[in-house]
Amino acid sequence: MPDLAISTRGLRKTYRTRRGRTVVAVQGLDLDVPVGGVHGFLGPNGSGKTTSIRMLLGLIRADAGTMTVFDRPVPAQLPAVVGRIGAIVESPKFFPAFTGRRNLELLAGAIGAPAQRVGEVLEQTSLAERGKDKFKGYSLGMKQRLAIAATLLKDPDLLIFDEPTNGLDPAGIREIRETMRGLGDQGKTVLVSSHILAEVEQVADTVSIIGHGRLLASGTVAEVIGGGAAATVKLGVADREAAARVLTAAGLAVRADGNHLLVDGVERPAELTKLLADQQLYVHELVQVRADLESVFLELTAGEGLA
Amino acid sequence: MIRLIGVELRRLTWRRITAIGVIGVFLITAFMLFATWRESRPLSEAEQRAAQTQYEMAHRDWVANAERNEADCRANFDPSTSGGMSVDDVCKWSEPKREEFGKPQAVFRQIAPNMLQGSAYLLLFAAFLVGASFVAAEFSTGAIGNWLTFEPRRLRVYGSKMAAAGLWFVPLGIAVTGVLTLGIYLITARLGSTAGTDWSDIVGLIARVVTTTAIGAVIGGVVGLVLRHTAAALGLAMGYIVLVEGIFASFLQNAQPWLLVRNFDAFVLHDTRYVLNKCVTQADGNYVCNQIEKTLTFEHGAWYLGILTLVALLGAGLIFQRRDVN
Numbered sequence: 001m002p003d004l005a006i007s008t009r010g011l012r013k014t015y016r017t018r019r020g021r022t023v024v025a026v027q028g029l030d031l032d033v034p035v036g037g038v039h040g041f042l043g044p045n046g047s048g049k050t051t052s053i054r055m056l057l058g059l060i061r062a063d064a065g066t067m068t069v070f071d072r073p074v075p076a077q078l079p080a081v082v083g084r085i086g087a088i089v090e091s092p093k094f095f096p097a098f099t100g101r102r103n104l105e106l107l108a109g110a111i112g113a114p115a116q117r118v119g120e121v122l123e124q125t126s127l128a129e130r131g132k133d134k135f136k137g138y139s140l141g142m143k144q145r146l147a148i149a150a151t152l153l154k155d156p157d158l159l160i161f162d163e164p165t166n167g168l169d170p171a172g173i174r175e176i177r178e179t180m181r182g183l184g185d186q187g188k189t190v191l192v193s194s195h196i197l198a199e200v201e202q203v204a205d206t207v208s209i210i211g212h213g214r215l216l217a218s219g220t221v222a223e224v225i226g227g228g229a230a231a232t233v234k235l236g237v238a239d240r241e242a243a244a245r246v247l248t249a250a251g252l253a254v255r256a257d258g259n260h261l262l263v264d265g266v267e268r269p270a271e272l273t274k275l276l277a278d279q280q281l282y283v284h285e286l287v288q289v290r291a292d293l294e295s296v297f298l299e300l301t302a303g304e305g306l307a
Numbered sequence: 001m002i003r004l005i006g007v008e009l010r011r012l013t014w015r016r017i018t019a020i021g022v023i024g025v026f027l028i029t030a031f032m033l034f035a036t037w038r039e040s041r042p043l044s045e046a047e048q049r050a051a052q053t054q055y056e057m058a059h060r061d062w063v064a065n066a067e068r069n070e071a072d073c074r075a076n077f078d079p080s081t082s083g084g085m086s087v088d089d090v091c092k093w094s095e096p097k098r099e100e101f102g103k104p105q106a107v108f109r110q111i112a113p114n115m116l117q118g119s120a121y122l123l124l125f126a127a128f129l130v131g132a133s134f135v136a137a138e139f140s141t142g143a144i145g146n147w148l149t150f151e152p153r154r155l156r157v158y159g160s161k162m163a164a165a166g167l168w169f170v171p172l173g174i175a176v177t178g179v180l181t182l183g184i185y186l187i188t189a190r191l192g193s194t195a196g197t198d199w200s201d202i203v204g205l206i207a208r209v210v211t212t213t214a215i216g217a218v219i220g221g222v223v224g225l226v227l228r229h230t231a232a233a234l235g236l237a238m239g240y241i242v243l244v245e246g247i248f249a250s251f252l253q254n255a256q257p258w259l260l261v262r263n264f265d266a267f268v269l270h271d272t273r274y275v276l277n278k279c280v281t282q283a284d285g286n287y288v289c290n291q292i293e294k295t296l297t298f299e300h301g302a303w304y305l306g307i308l309t310l311v312a313l314l315g316a317g318l319i320f321q322r323r324d325v326n
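Chains as they are written, first to last, in full-length UniProt numbering: chain A, 1 to 307; chain B, 1 to 326.
Check before you lean on any hint, since a few could be wrong.
[As the list claims (entries may be wrong)] A few chain B residues that face chain A, going by a derived Cβ cut-off under 7 Å, partial list only:
1) Arg-11
2) Gly-145
3) Asn-146
4) Leu-148
5) Thr-149
6) Phe-150
7) Glu-151
8) Pro-152
9) Val-226
10) Asp-324
[As the list claims (entries may be wrong)] A short, non-exhaustive set of chain B residues, derived as facing chain A with CB atoms under 8 Å:
11) Arg-3
12) Gly-6
13) Arg-10
14) Trp-14
15) Arg-16
16) Val-325
Everything labelled a hint here was simulated from the structure, so no lab data went into it.
Beta carbons are placed, not taken as given, at the ideal position from N, Cα and C, and that holds for glycine.
Build out the structure end to end from the sequences listed, making use of the hints.
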């Protein structure tokens, strides 16, 4: 049993524009996605997430670097593992004039899945009643559900969702989130790429943040938050002005927050109490304000283009 | 691979443009049969009386003048201006026959090859259009990306699409040419003549029409894959016909053995003939043009179409194997 579902090393992809300009989409990406659970693949628009996923799936060629999926080098041995991968890349793309059921029947036929599997996955994704409608008449949410149904035809171990909630309403977003979390809880590996932090933070066990085609941070959500931003501490003290002077003199950034003070960049919060107590200022409340993924993301990708 | 071909055959069957193509082909075939029936109908009594009158007049003229006309012709015959024809060929004054007046009889062995040649063009066009749309639609909708996440072996995917396109049109070609041949046979048996029919020739012709139909679907698929849009594929085909077969061919007559339509005819009709204008300045300074009839053989057409199909298949396969799918 491999430890990593996906691993890339030095992955690189450049495009040539119609005007002959070379654009580097991915430059030396090292990405590790552990087996099991939900892995968030974060980055601003244009940071190389979709390009990386396409390379993993053999849809586009890498210029350099190596990739493995379940320890198999891809794209060379992709046929050996493709049965274990279900993927939705960007918006779901099916034959618009065919019904949802027919689209799934074709895909099931291609992998030799039994015919009744189509009915099962339509049931699983609550599309059984709309399976006879043409794909072009589906709402965006239904299209996403059909795409998920298609990935489930294979009963895959690795699911790749690229911006799965784009264009969905809040109910649709929650549905997709619950589906991803549910799959992760079943022991499947879910790689979800997104630029919407809140969406990933709620479901991901581990994350990788990329910008300009490079890995900026990776690890569990807690590790990334802890490693990326120093803590902010909310402080309750009777003489706030005096406390602010003491802390500022100690080189800390202090802001007023109602009846409290917010102190940024605190590495060891306990030292604050000592610093203030030495000046006869006694802390009656000290809360570490938890950094969120969004602040880490913005910090790490500061200056990265949001094209 | 067999499984993929089966899936592609189902997809091709389910497509609306396929149904439209099939209905269109059968409608046009029905129209061709209707036209054959109209042309084969016996003359009305009034038309027969007019033809009889014409015949009697011609025969009276022949009785009165044929001998004298022939003698005058022989006396004035100049071999240098006869274009190689003998005096007997030029001056023979044949007796008019009744069947030469009025509408000629519909004969199966004469009509069937012409109609089958017409259906070959019709089927070729329909197969090209449906084949191009069948493959191009996957690229224009983006469904090919989804497909490749289920079967990433591109040469298998490519091979299955091309094989399905070609195979699907084999039964259609047989059905259309079969209906057409049977229809013409029934019409001529009732209203004309089926004498002298060589069924091995007819079956061979049908087999060649079916072959070119399958090739048309495959070439359509190749063009659809390379251009990724049905309209672009159709535009390329039209552009080729107008620019190369029309304008270019009229300027460069010697290129005729290398034109697609000429080779198509040579293959379908088992040899075809074309005319070249050969113009020379003679010793006396006269500029003389003679028409020379040439034959393009079946073998030439077969090799031409075979190599063209193979090169197109290999080229498109290479493109698909290397192309990024977005």
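Against the structure, the hints:
no. : hint    : verdict
1   : Arg-11  : holds (6 Å)
2   : Gly-145 : holds (6 Å)
3   : Asn-146 : holds (5 Å)
4   : Leu-148 : holds (6 Å)
5   : Thr-149 : holds (5 Å)
6   : Phe-150 : holds (5 Å)
7   : Glu-151 : holds (5 Å)
8   : Pro-152 : holds (5 Å)
9   : Val-226 : violated (18 Å)
10  : Asp-324 : holds (4 Å)
11  : Arg-3   : holds (6 Å)
12  : Gly-6   : holds (7 Å)
13  : Arg-10  : holds (7 Å)
14  : Trp-14  : holds (6 Å)
15  : Arg-16  : holds (6 Å)
16  : Val-325 : holds (4 Å)
Checked against the numbered hints above, the structure violates only hint 9.
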